[in-house]
Structures are given as structure tokens and as C-alpha cells.
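2 protein chains.
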Amino acid sequence: MPRLRVHSFTISLDGYGAGPDQGVDTPLGAGGARLHEWVFETRTGREMIGETGGSEGVDDDFAARGFRRIGASIMGRNMFGPIRGDWGDERWTGWWGDDPPYHHPVFVLTHHARASVEMAGGTTFHFVTDGIESALERAREAAGDDDIRLGGGVATIQQYLRAGLVDELHVAIVPTFLWSGERLFDNIGDALDAYDCVELVSSPTVAHVRLALLRH
Amino acid sequence: MPRLRVHSFTISLDGYGAGPDQGVDTPLGAGGARLHEWVFETRTGREMIGETGGSEGVDDDFAARGFRRIGASIMGRNMFGPIRGDWGDERWTGWWGDDPPYHHPVFVLTHHARASVEMAGGTTFHFVTDGIESALERAREAAGDDDIRLGGGVATIQQYLRAGLVDELHVAIVPTFLWSGERLFDNIGDALDAYDCVELVSSPTVAHVRLALLRH
Chain A
1 MPRLRVHSFT ISLDGYGAGP DQGVDTPLGA GGARLHEWVF ETRTGREMIG ETGGSEGVDD
61 DFAARGFRRI GASIMGRNMF GPIRGDWGDE RWTGWWGDDP PYHHPVFVLT HHARASVEMA
121 GGTTFHFVTD GIESALERAR EAAGDDDIRL GGGVATIQQY LRAGLVDELH VAIVPTFLWS
181 GERLFDNIGD ALDAYDCVEL VSSPTVAHVR LALLRH
Chain B
1 MPRLRVHSFT ISLDGYGAGP DQGVDTPLGA GGARLHEWVF ETRTGREMIG ETGGSEGVDD
61 DFAARGFRRI GASIMGRNMF GPIRGDWGDE RWTGWWGDDP PYHHPVFVLT HHARASVEMA
121 GGTTFHFVTD GIESALERAR EAAGDDDIRL GGGVATIQQY LRAGLVDELH VAIVPTFLWS
181 GERLFDNIGD ALDAYDCVEL VSSPTVAHVR LALLRH
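So the protein sequences, as listed, match chains A and B.
The numbering of the first sequence is this note's numbering, which starts it at 1 and goes up by one.
The numbering of the second sequence is this note's numbering, which starts it at 1 and goes up by one.
What the hints contain is simulated information worked out from the structure, not anything from laboratory work.
Be aware that a few hints might be false.
To spell it out: a stretch of chain A is covered by chain B in this simulated footprint if at least three of its residues, at any positions, have a beta carbon under 8 Å from a beta carbon of chain B; those stretches are [what the hints assert, rightly or not]: (1) 99-105; (2) 109-120.
Per label pair, the in silico range of CB-to-CB distance [as the list claims (entries may be wrong)]: (3) B:25 x A:163: 34 to 44 Å; (4) B:117 x A:198: 41 to 51 Å; (5) B:36 x A:129: 24 to 34 Å.
Every residue, glycine too, gets a C-beta built ideally from N, C-alpha and C.
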């Protein structure tokens, strides 16, 4: 059975996965872009945006794992774009240009129906209006023998955690502060008591924690 | 000038430095004892409680730094004991028995006056009723050429951080969850924007972050 995996989800030292006031110019909220700088310092992060170079080592290893054996992705609509409510003219096709760095089916959770959008490079965005279980089921079918990567944002990951559907959660902690926004480890009750920390390791700039659902 | 240093202050992955329902049997609140297990796995932690053995390495290095060149300590009264309000019969002399692991003057912040208590091994508890600056001033006089260690709890550290009086803050993050209690990085506004992360390193069980006040 394909597993649902979260990779490189980054939080500040005070626990925020996004800052306040998210919008077109600040998709991760005020100060939130700082969270992801580490990814773009790695070889994997640079490849993702069509560049060369970048670091190898711990951070790159973790970034790279998020692309290995992934056959489908799921994300919240706020990760897909800044539009709220109705999709309007449907010209918005994500933050990532014509050839998004997925190269597989991506299921976007939304309350507003929209036809699927086929992009270059193998990425197709599907819009799922009937809930997280439905999105997971469709992603499983699409993923074949591979796993499914669960993207953000915070609220989306929390929903899947509360439902006990996340198999593996890699959280990157960067030593910066956002002071407000959305905290990853809020609003999930004690759902993570069902997880074991299976890996804790740090580079000089990022601490990586990997949690895995206990199988009984 | 002696520096005010916080060492081995431990928080859960969801940011809590103490769990809910603190009391005589649970000085760190429900689940809070888990936070400090790592210290007692180290050689330094064992020495502190009169035992031998224990690990060397990253965790022990950090634990040991908290005892080096420290000439005085400051702590909140909740770290000193579970009694709230008036001191009553004054029989409570701390959690640590007759010979506490300080061996220097300890200044306890409280709203309730009490005579100083001299313990075995060089530890004397002084009770300071006129605020955090006063406690720091007295600790500086007592520390001589050495530094001052600021203990917990969360509220005490937050007070000193808000006042910009902490020179160095070592936070240990353990991959466990408390789900409620007191979060270290709440109620301090953006006070920590004046700090730089000068060290980030992890053992397989504890991530260590060291922040230092920027000197302009």
C-alpha cells in the first residue's frame, strides 16, 4: 500500500509553518520565505528550479528523499495559490510556471470545483472537493507502487494527522522566529502520540526530525 | 561584566517547557519529566545526582557547559518549589536535598519575603522580592568574575528575555510532545530577533540550539 509522506515541512524555532498575512507576494506569510531558504541552498533544491550547484550533505539528503518514489502529491489550495473562494477565470495554474516540479498527478483540496489542468512535464492538477479521504484514495490510485507526498499548508497536514492518515512526517526546524502565524503542532490533539521519532539529525542550519506512525 | 546564561532549557517538539498541572509530584507538569531525561543520561547529569557513568558526546558537552564558570544562579520560585503564596513554616528548602547541585548563591524570584537559607556544599538560597533587575544585580555581585546561570521556569526566562537581559540561551529540543502547558517562545514579542543562532547541533535524541544576544 502506498504511504502518505510529508517531507521538508519547515517550521521556525517557535513552531510556525507559515507567517501571518499570506498573499500573492508572501505565499508563506510575513517572514515565511525564510523557512525555505535552506532547501534552495541544496543541490536538490537548485535542480528543482532548474539550477546547478548547491550543497550536498544532511540537508540535501533530506530534501532529496521528498522526491524519491513519489507517484502523486496532495496539497491544500493555499499551497496551490493565493485565490480564495471561487476560482474566477481559472487562469491561475499554481506558483510554479508551465512546468511545475512535480511531474506526476497533484490533488488539490478545495471546496470549489474546477476542471483538471494538465501542465508540461507530467504534472496534472486535479481539484478534489469531497474531502481528504477522497483525495488520498485518488492519489493512491494515481501513485501505483509509489508513495504519495503530502504538501502543505499547515491546516492540510493537521487534517491528515488528526485522521491518522500520515505514515511519515519529516519536519525541518530552522533557527529563526516568526512570532505569529500557523503553528504546525497546534489543533491536532494528541494525534502525534501514535508516532515514534525515528531520526533526529542536524546540519549547522537545519534540525531534521522524522516521525513515523507506529504500526500495531 | 558577568553574562546571564540559560543552559539546557528543554522544550518539547511542540514548544512546551513544562506540561500542565504542575505540583509536588509533577514539578514540570504532566509529562514534563520526559523533557529532562536526556540530562540524566549524560555523565554530567549523573555527577549532579552523585552517580557515575553516563554518556559523553554532544549532549554531555552541552550539559557540562551549564556548570562552567558559573558563580551564581537565578530561578523563579516555581523552580525552587511547589509552594504558592506565603512560605508558611519555611521548611521547604528546594527539590534538591541538603546539598543542592549549585554550590554558589542562588537568587529565587518571589513576591514573598523570606530569610536566606544556607545549605550544605556552598549553596545559599536568597529570596528576592524587588524584581528581576534587582536579582540580576545581586547575582552579579555574588558571581564575581564568573557568569550567572538563569534557571527556569518558562515565565522567568520570558521575563528576562523581554527585558533584553539574557546574553546566551541554550535550548534543547527533544522529540516528544506535551500538547499543552507553557510554551517558551510565547509572550516574548519579538525579543529574540536581537539574537543570532550561533550553534545548531544534534545528538540522536536532542537537538541543541544556542542563541546569543547581538552586540551592537
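Taking 41 to 51 Å as the hint, is the beta-carbon distance of residue 117 of chain B and residue 198 of chain A inside that range? 46 Å, holds
Coverage of the stretch 99-105 of chain A by chain B (three or more Cβ within 8 Å): violated (count 0)
Assessment of proposed distance window 24 to 34 Å (beta carbons of residue 36 of chain B, residue 129 of chain A): 48 Å, violated
Assertion that chain B covers the stretch 109-120 of chain A - criterion: three or more residues, beta-carbon distance below 8 Å: violated (count 0)
Look at the Cβ atoms of residue 25 of chain B and residue 163 of chain A and judge whether their distance stays inside 34 to 44 Å. Distance hint for residue 25 of chain B, residue 163 of chain A holds at roughly 35 Å.
Going through the hint list in order, the structure does not satisfy hints 1, 2 and 5.
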